[in-house]
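Participant: So you can see what is in the structure, the chains are spelled out below.
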Amino acid sequence: MAGTFTTKTKKVGAGSSGGTEPAADAEPDADGRARSRKRPGRAEEGGLTWRLRLRRDRSLILMTLPAVALLLVFNYAPLFGLITAFEYYDPLVGVLHSDWAGLDQFRALFNDPLFWGALRNTLWLSFVQLVLFFPIPIALALVLNSVTSERLRNFIQSVVYLPHFFSWVLAITIFQQMLGGAGVLNHFLAQHNLGTWDVMTDPHTFALLVTSQAVWKEAGWGIIVFLAALAAIDQNLYEAAAVDGAGRWRRMWHITLPGMRGVIVLMLVLRLGNALTVGFEQFLIQRDAVGHDTADVLDTFSFYYGITTNNYSYGAAAGLFKSVISLLLIWGANRVAHAFGEDGLYRK
Amino acid sequence: MSIAMNRRAFVNGAVAVAGAAALSPLLSACGSGSSRSKGGTNSKSGLRAALPDYVPGQAVKPDIPSVHGAAGAFTDPGFLTYPAKQIPTVSGTPGKGGSYTAVTPLWGTIPPAGNSFYQAVNKALGVNLTIKPANGVSYDTIVPTMTASKKLPDWIQLPTWWNAAFNMGELAGTQLADLTPYLAGGKIKKYPNLAAIPTFAWQVGAWEDKLYGIPCGASGMSLAGHVFYRADILESKGITADQVKSADDYMSLGKELTSAQAGVWAFGDVWTYLSLSWGLPPGWTVKSGKLVHAYELPEFLEALDWHYKLAKSGYVHPDALAGNVNAGATRFYAGKELIQGGGTGAWNLSDHQSGTAANKNYRRGAFNVIAADGRSDPQIFLGAATGVVSYLNAKLSPNQIEELLAVANYLAAPYGSTEYTMITYGVEGVHHTMVNGMPSYTDEGKKYAQPTTYTFLASAPQVISNPGAEQVTKDYTSWFARTAPHVYKPVFYGMNITVPQRYATAAAAKSVVDTVIEVTHGLKKVSDFQAAVSSWKSSGGDQLKNWYQTEVLDKYGTGQ
Chain A
1 MAGTFTTKTK
11 KVGAGSSGGT
21 EPAADAEPDA
31 DGRARSRKRP
41 GRAEEGGLTW
51 RLRLRRDRSL
61 ILMTLPAVAL
71 LLVFNYAPLF
81 GLITAFEYYD
91 PLVGVLHSDW
101 AGLDQFRALF
111 NDPLFWGALR
121 NTLWLSFVQL
131 VLFFPIPIAL
141 ALVLNSVTSE
151 RLRNFIQSVV
161 YLPHFFSWVL
171 AITIFQQMLG
181 GAGVLNHFLA
191 QHNLGTWDVM
201 TDPHTFALLV
211 TSQAVWKEAG
221 WGIIVFLAAL
231 AAIDQNLYEA
241 AAVDGAGRWR
251 RMWHITLPGM
261 RGVIVLMLVL
271 RLGNALTVGF
281 EQFLIQRDAV
291 GHDTADVLDT
301 FSFYYGITTN
311 NYSYGAAAGL
321 FKSVISLLLI
331 WGANRVAHAF
341 GEDGLYRK
Chain B
1 MSIAMNRRAF
11 VNGAVAVAGA
21 AALSPLLSAC
31 GSGSSRSKGG
41 TNSKSGLRAA
51 LPDYVPGQAV
61 KPDIPSVHGA
71 AGAFTDPGFL
81 TYPAKQIPTV
91 SGTPGKGGSY
101 TAVTPLWGTI
111 PPAGNSFYQA
121 VNKALGVNLT
131 IKPANGVSYD
141 TIVPTMTASK
151 KLPDWIQLPT
161 WWNAAFNMGE
171 LAGTQLADLT
181 PYLAGGKIKK
191 YPNLAAIPTF
201 AWQVGAWEDK
211 LYGIPCGASG
221 MSLAGHVFYR
231 ADILESKGIT
241 ADQVKSADDY
251 MSLGKELTSA
261 QAGVWAFGDV
271 WTYLSLSWGL
281 PPGWTVKSGK
291 LVHAYELPEF
301 LEALDWHYKL
311 AKSGYVHPDA
321 LAGNVNAGAT
331 RFYAGKELIQ
341 GGGTGAWNLS
351 DHQSGTAANK
361 NYRRGAFNVI
371 AADGRSDPQI
381 FLGAATGVVS
391 YLNAKLSPNQ
401 IEELLAVANY
411 LAAPYGSTEY
421 TMITYGVEGV
431 HHTMVNGMPS
441 YTDEGKKYAQ
451 PTTYTFLASA
461 PQVISNPGAE
471 QVTKDYTSWF
481 ARTAPHVYKP
491 VFYGMNITVP
501 QRYATAAAAK
511 SVVDTVIEVT
521 HGLKKVSDFQ
531 AAVSSWKSSG
541 GDQLKNWYQT
551 EVLDKYGTGQ
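From first to last, the protein sequence lines are chains A and B. Residue numbers 1 to 348, in the working numbering, belong to the letters of the first sequence in order. Residue numbers 1 to 560, in the working numbering, belong to the letters of the second sequence in order.
Here chain B stands alone, though its shape is the one from the complex:
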């Protein structure tokens, strides 16, 4: 009785509030209705009509050419030196003097506004672009305040790992500019540098069959990550990557390398990347026409069981088992932990610098992609071509959008070109000088020219270059070339599915995710995971699966 009373009182209260809002033009302008509640996705035919053509750039020749792999993937080209002759790819200034604002996340020190680097780039671009890099660490908290008040800048970077937090599915329909009319099909040829971005990268910024995002630093073969090892230490013991062909081989490595008395453990956290050896999909997969979640696969149980045994074996560093993820890199550099999982971004110049600072012989290696049983064909799924996508504001006029696309074309100039050097290294003699054929930042350049400022608005497909650490470039590109034949596109690849709000909790499956971590830390048994999955299924997981089956798979297919 009292509950019914309360409820009624609350409903009345809400009606009163809504009534007040309707009277005020200021408040009612804040939009209404929630398109998010229905969900949405890209369709195969609709997407094909919206996506731009792909015209690879030929301006700069790489030292290590790209290798073509399975599923249309190709590896990122490698550069051992900076191209000697810088070639211009854009004639004239792209802008017409318009004034714009832009916001990007920056993981680094934020340079002062209006500094000499910004001024020089603005001059080259022919626009008055006020760029405001914001702290990348808290970026996911400042964007929702801009979107909630409908005050996005003219150009904004929205990393895809925050798609759900930013509610991209709905933002794309309301606050971000539809670029389809400007870029679809052959229209993109007006912007040759943008046309050199591969088609499936554009898919990352496409929502409900319309093109919104400009992909930055796209990769032709984007993978979740690797199982890394300390190449210098393992090779000194006579162990090479190609000797490890099965899960059993990993287990025996654990025995061989662990010495708790010396404070050295073979493994850190490997689950996320090593579990792929059991052929696990990133989420959903299709078995005889029916949708199945990775959690329901027998392979998942096998992988989990193996990792539970690993956790109990004593071959895993205790701090890793205690969930101390952040210090993982330190343990790796110190040689306390010899094998650990990590994203592809961990394998680069700054890693080489940090590692060799700790131990001059330091060298990072990655094990080959394997099948756990040691017999099957190894398989690894492709990830989205990029996680870095920029968007234009829906309030811009068509002329303004065209001006900014021309600017984007300038920013997307290939590695080593005149434009690339300008937006990454600034003006020669002011922000950088050429040292051994490679641009090197001056003190002023270090202060103002953060390389991830303009490249987060638009940039050419990724290349691998680690000046001063050519070995890293060679190791990295050869690993990708070896792996290229084993990649596949997972179910719902590039479909950008917006899950209805009522399934948000089931889609996050937080309790299952937690239990998986706990099993791989040896805190819980595989049977606890099975119990968590069945309770997830009954508390929304099955409904979510049903929605994916009827609203996505049956209507739009797998997107593969």
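The following block holds chain A by itself, in its conformation from the complex:
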């Protein structure tokens, strides 16, 4: 079954869009090994001298230069500051002259119950968001894709995008005005003597609260990439499947979802790699409402116990710890993606 589909895919693809495809891909290959076929060709190019390749790719290289420069200045050069994590950094004395601390900052960090509390919160919130938030943009994209009227689709899309452009302050204010103790809901409940529902200040349901805020604010924005993946699926496939008698669900199962799989896995790898970055302002703003035990995540920990107490080195140590763990996570998730035969962040 799968085999017939593959052959069909390739034939249809080549027939319809062959004119715009690059020459290397123009030769269809039934067993899907077109990629490895290209390899020998690349090896030949490698035979060109460095200078020739430079001349050939000149315009491409020129185009990437500004981006590379920005990366160097804003992403790599500041890495020098990581050295402060191993010092008792004093801004007036400077990085070069501050007293050396060795691993003292890390020792203090690992003995700090507040740090472990923040790490626990981060992982828990990340897990809840992975389960409850991650599938929503995918589902939304599928639903939106099934809307045939373009005007209606554009309208829905604009409405669900909009909250992304609100700041967290505004988003949380709206939640507070709606669900807060003096908000619309509780005002209504109080007027009808129905008691109150203090969801904005309840530490026990905080993970659900922040996830629902995140869904409200970001889910619409998150569907863009999935819609792009959907748009990339060849419409002829659906036609062919429909001709073969496949129903709505079978088409989704056999065409849409496999077509999106690469993007879904890529987003999952990125999400896992960012597992320790669950947000900053959202927790900063609501910290006093639910308490620091509940709302402190690694980023707010660095801010409150590093920057606001002028203990920059301590904050840098917490940040460095977070970066190292994140790197391991993204590397691990990518390995898993490769093991499942997906591209992940890059091709093997």
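Any given hint could turn out to be false.
No farther apart than 30 Å at their CA atoms in a straight line, the calculated lysine-lysine pairs in the DSSO-like style are these [unchecked claim]:
#1 B:Lys189 - B:Lys123
#2 A:Lys322 - B:Lys537
#3 A:Lys322 - B:Lys510
#4 B:Lys123 - B:Lys151
#5 B:Lys309 - B:Lys537
Since the hints were derived computationally from the structure, they do not count as laboratory data. The structure displayed is predicted, hence computed values, not measured ones.
Go by the hints and put chain B onto chain A.
Facilitator: Coordinates of chain B only, in the frame set by chain A:
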């Protein structure tokens, strides 16, 4: 094993970097050693030698005179009208034509550089002072970049609430000019307007027994703040401030005023100011010769317990419990929240204007300082005389410092004088016109003459004046006059202690501060606070206390 390897590799790396720095004269000029790691403070005798004499000014008579209180405090005088006759207090131009730069924080729209107001003031001062107001909201982030690169302007305003962030203890020793040789004792008489600034205000800018800062807008009786109430609404219900004499009275007010169905709650955030009714010190206090932190006092637990009960009582606005502090003023103006704490700066003309815009009867009142039990003598500690202090750059020559001090003397002219009118309101007919005897900004004045520009470099002691809202001036001054007998100087008053860097985390006690907020919001119990305090003590709090006991209290006393 691998950790040891890494550590070694890092040490080697650092040595290499330091070696490179030593070779380069450019880099090695960036200073070395960290005096901050040792800490420091003012001593009693050393400070006495450095502080200037106090010669009160007599040029302008206030409508509501100052009242003397306990601990040498005196209230700010009040003016109901602008002095009719503007008196000059400085003869000639103070400057000798020098060129200087100055940076101040400005909470408002930044006027364009070199505008007609700056030009007029420069002409009056006789110097070419390039003043660059910077956005006050982000001021604490731009100053560290100037200090780290050792590029401070000639004259800079460094608000004291950022002392720790700016590392003032060390800046004073290295980048800021020592003014002791110019102003100590009787030398200040050369600058009569500066001499009219009270002595304890100069203490705010004194570091390790040397005088660095010029205090602006000093107050003879500076307090943390008040427990405010909506005077118009409470008085219409027959409630006056003097009926509230104990914590229990507050609780019954809560019951009387709260109506959740109508969307009205009695209380907002009150902890910071109402907790003072339990006699809490701002930080440390001394009990039988031993240093004790406020967190360790039984009174602190009582206060916290009361506020926990308040949070649970349903008398506090839910948005206040949710930590939505910024909208507090809006809730107060809207009459949704009738009692709330706030700093003394909240009680002024602009508050009156905002409040009456929401409700024409609006009137802000403040409850008297009370003792929680209703029987003891109420006590409230004095704060620093000012939070606004300017400093001169250490690179200036003695002649330049004297020129700028003469300029400061001009800027510190008393309320209503010719000089005061010039630096606050600009030139008559250009930046202001006299309306009903009061200077009123013209359109050009509104654009260029921000009143907190030059007054943030030097200004006379504070006076209370709210033209158009005389009631505010009367309420404010009479509250201070009533409170004056109850003030005291807390332990380590005006000592400007620099805590060594290794105690920075313990000194901030962030986890305890957070827990206090959470208890007062009803999220945690008093027992959680006790647990937070004991973990704070074991993770550095006790060491910090030890340092204060041996390095400050035993050596220099309490500074009271």
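Participant: With reference to the structure, classify each hint as holding or not holding.
Facilitator: Consistency of the hints with the structure:
For the proposed pair Lys189 (chain B) and Lys123 (chain B), the alpha carbon gap of about 25 Å is at most 30 Å, so the pair holds. A C-alpha spacing of about 28 Å is found between Lys322 (chain A) and Lys537 (chain B), which places the hinted pair at or below 30 Å, so the restraint holds. Annotation: proposed proximity of Lys322 (chain A) to Lys510 (chain B) holds, straight-line Cα distance about 21 Å (limit 30 Å). Restraint check for Lys123 (chain B) and Lys151 (chain B): the C-alpha separation of about 27 Å stays at or below 30 Å, so the hint holds.
Straight-line distance between C-alpha atoms of Lys309 (chain B) and Lys537 (chain B) comes to about 26 Å, which keeps the hinted pair within the 30 Å bound.
Violated hints: none; the structure is consistent with every hint.
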